[in-house]
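Put chain B on the given structure of chain S with help from the hints.
Top line first, the protein sequences correspond to chains S and B.
What the first sequence shows, in the working numbering, is residues 1 to 312, in sequence order.
What the second sequence shows, in the working numbering, is residues 313 to 586, in sequence order.
Think of the hints as simulated: they come from the structure by calculation, not from any bench.
Keep in mind it's a predicted model, so treat the numbers as computed, not measured.
Just so you know, even glycine gets a beta-carbon here, dropped at the ideal spot from N, CA and C.
Be careful, since some hints might not be right.
[To be verified] DEER-style ranges, computed between Cβ atoms:
(1) B/Asp546 <-> S/Ser200: 25 to 31 Å
(2) B/Ile322 <-> S/Asp210: 18 to 24 Å
(3) S/Ile293 <-> B/Leu499: 31 to 37 Å
(4) B/Pro474 <-> S/Phe155: 57 to 63 Å
(5) S/Ile150 <-> B/Val416: 20 to 26 Å
(6) S/Leu156 <-> B/Lys316: 23 to 29 Å
(7) S/Thr229 <-> B/Leu477: 35 to 41 Å
(8) B/Leu499 <-> S/Pro230: 36 to 42 Å
[Said to hold, decoys possible] Which bits of chain B does chain S cover? Going by a derived footprint, with three or more residues having C-beta under 8 Å, they are:
(9) 357-371
(10) 445-459
(11) 464-470
(12) 506-518
(13) 529-542
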Amino acid sequence: MDREPAIIQNTKIKPVPKKIKWRMKHITPWLFLLPSIVILGGFLAYPIIEAFRWSFLDYKIIAGSGEFVGFNNFKEIFTDKYFWNALTNTIVFLLMVLPLNVFLPMILAVLVNQKIKGVGTFRVLYYLPVITPMVVAALMWKMLYSQSGIISDLFLKIGIFDSPTNVLVQSSTALVAVSAITVWKGLGYYMIIYLAGLQSIPRDVYESADIDGASIWQQFTRITIPMLTPSITLVSVMTIIAGMKVFEEIALTTGGGPAGATTTLVMYIYTKFNSLDVSIASAAGLVLLVLAIGASLLQMKMTSKREDDLRA
Amino acid sequence: MNSKRLRQKIWLYALMIFITVLTVGPFLITLFMAVKSPGEGIYDSLIPKEPTLENFVTAFQKANFATYFLNTAIVTCLAIPLNLLFCSLAAYPLARMDFRGRSVVLALIISTMMVPFQLYMAPLFQLSGELGLRNTHVGLIVMQVSTAFGIFLMRQAYLRVPKDLEESAYLDGANKFKVWYMVVLPLVKPTLVTLAIFTFMGTWGDYLWPLLNSTESSKYTLSIGLAQLSQNFDGSNLKLISAASILTTIPTLLIFIWLQKYFISGATDGAVKG
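Looking at chain S on its own, in the form it has when it is part of the complex:
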C-alpha cells in the first residue's frame, strides 16, 4: 500500500485524489464486512451477550424480563445432582469415544493408504457415514439396536445376550450404545485427517526400516504413530470439542434416558430450555463454554510442549 504513489508516478497514471484514497483505506473494508457484521452481530454476538446476562437473572421468557439474582443460577446447578450426573455422563462419554476415535480411524487410514487395487472405492465407502445426516444416522442405529434388531440377534447367537435385548433401554449399556453411533459417524472423517498425516511421512523412512528388518508392527509403532503425533493431537481436540456438544445421537435414540443414564451436558441444557428455565440453561451453557475453552487451551499447551520436547 505504501509504495503506491511511486508506482503510480512511474506508470504515468493520474494520481488518485486524496479523498478517494482515504475512502478506500477507511471505508471500503467495512463495506466488505457489512453484511457479515450485521448478521453475526445480530444473530450470534447479541444472543451470546444475552445468554451471559440471563445467567445472572431469573429470566422469564414469557414476560421478557427477569430480576438480578447474582450467582444463584450457578449455585443451583452446582447443587443439582442431575447436573453432576450430566457432567459425569459427558466425561464418561468422552473417555469412551476418545481412544476409539484416535485409534480406529488411524487403522483405517493405514489400510486405505496401501498401494493396492480398489483402495479408492474403500475410502469412499468408509466416508459414507460422515455424509449421512445425523438424524438419519441416529434413527438407523435405533433400528439396529431394537429388541428384534440385527445387533440383538447377533449378540444372542454369539452368546453375549441370554435373551433379546435393546441396549438403548438398559441403563448399563445405553451410553456405550450411543457412543458407538458417534464413533461410527466420525470414522471416515478422522480417517481422512490421518491420511493427510500419513501422506506427509516420507516413503524412504519405511524403506530403510524394511532394509533393517523391522516388522510391519514395529514400523507402525516406531514410525507411523510418532510421526502422526500432530494428527493425533488434532483428532483428540476435535473429538473432545465435538463430544462435549453431543446431542442428536442421544436426543433421537434415548432422549437422555433410561433414568438419566445418557443425559449429557447438552441434553441437560436442552431439558432446562424445554421447561423454560432459560436462566439455568444459560448458566449451564456457560459451564459448557468454559469447558470447551479449557479443553482447547489444555490441548494447545500439550501440543506446544510436545513440540518443545521434540526440539530439545
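Same frame as chain S, but now just chain B:
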C-alpha cells in the same frame, strides 16, 4: 516370498471388506427395510421378498415429506449462495486490507467459533420470535449465511493467493470490489466449493435450530419431519421411517458422488472447525 505377499494381500482385503460391512451395512439394512411390502414382517428376513416403492410414495403423499423436502431444499438453496457471498466478501479485507480494527474484528470472529450453540439458543429463540422469524424459512436461512467458520476458511484461501496479481490490477485502475470479484474470487474457486459443501451439509441435516424455530408442521425440514415421524417407533412405522431416512440421505449422497474430491480435501480444511 510371493505366497507370503499374497496371503498378506488377502488378509488386507478381508479386513477392508469387514470394515465396509460396518460402515455400509446400516444403510443396506435401512434400504431393505424401506422397500419391504406392507404384508411382509419387518424382521422376517433381511432381504425383502417383494421389493416395492410403496413406502416412499406413502412418505411423500401421506406423511407430508414432499413439503418437508421442499422446505429443506428452499432453505439450503438460498443459504449456500448467500453464505458464499457474505463470507468471501468479509474475509477479503481481513486478509488483504490494512485498516483500524482489523485484528479486533478477526479475533472476535474466530473466538465465536468456540462458543457452543446451546449457550445462546434460548436468547436466539426469543429474538427470532420478536423479529417474526419463527416458522419462517428466513429464520432458518439467517443462521447459515455468514458463518465465522466460512469467513475463516475464505481468509485462509486469500492468504495463499500471490499479491502480485491484485497489484497489477490496481495499476490498471480497478477498484477494490472489481479486483476482489474479477481477480481474486476466481482463484479461490476450490475453497468456494468446499464452503458450499460445508454449508450444504450443515443446513440440509441441521436439527437443533429447526427443531426450536419450526414448530408448525408445514414449516418442518426433513430432519424435523423425520424426528417427528420416529416418535412412533413401532414396528408398523419402521418401513415408513426407513423410506423417509433414505429420501433424506439421497441428495447428500448425490452431491457426495458429484463433488467427491472436494469432500476429501475439504475435510482437512475443516479440521479447524471442531
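Evaluation of the provided hints:
1. Here the CB-CB span from B/Asp546 to S/Ser200 is close to 51 Å, at odds with the stated 25 to 31 Å.
2. Here the CB-CB span from B/Ile322 to S/Asp210 is close to 21 Å, well matched to the stated 18 to 24 Å.
3. Against the hinted window of 31 to 37 Å, the Cβ-Cβ separation of S/Ile293 and B/Leu499 comes to about 35 Å, which satisfies the hint.
4. Look at B/Pro474 against S/Phe155: about 59 Å separates their beta carbons, and that is inside 57 to 63 Å.
5. Checked against the hint of 20 to 26 Å, the pair S/Ile150 and B/Val416 fails, with Cβ atoms roughly 55 Å apart.
6. S/Leu156 and B/Lys316 have their C-beta atoms about 39 Å apart, which leaves the hinted 23 to 29 Å range violated.
7. Between S/Thr229 and B/Leu477, the C-beta spacing of about 37 Å keeps the proposed range 35 to 41 Å intact.
8. Distance hint for B/Leu499 and S/Pro230: a CB-CB separation of about 28 Å, inconsistent with the stated range 36 to 42 Å.
9. Under a criterion of three residues with beta carbons nearer than 8 Å to beta carbons of chain S, the stated coverage of the segment 357-371 of chain B fails, only 1 such residues being counted.
10. Evaluation of the coverage hint for the segment 445-459 of chain B: fulfilled, as 4 residues show C-beta separations to chain S shorter than 8 Å, against a requirement of three.
11. Taking a C-beta to C-beta cut-off of 8 Å, the segment 464-470 of chain B contributes 0 residues in contact with chain S, too few for the three needed, and the coverage statement is violated.
12. Only residues whose C-beta sits within less than 8 Å of a C-beta in chain S count toward coverage, and the segment 506-518 of chain B has 3 of them, enough to reach three; the restraint holds.
13. Given a C-beta distance limit of less than 8 Å, the hint that chain S covers the segment 529-542 of chain B holds, as 5 residues qualify and 3 suffice.
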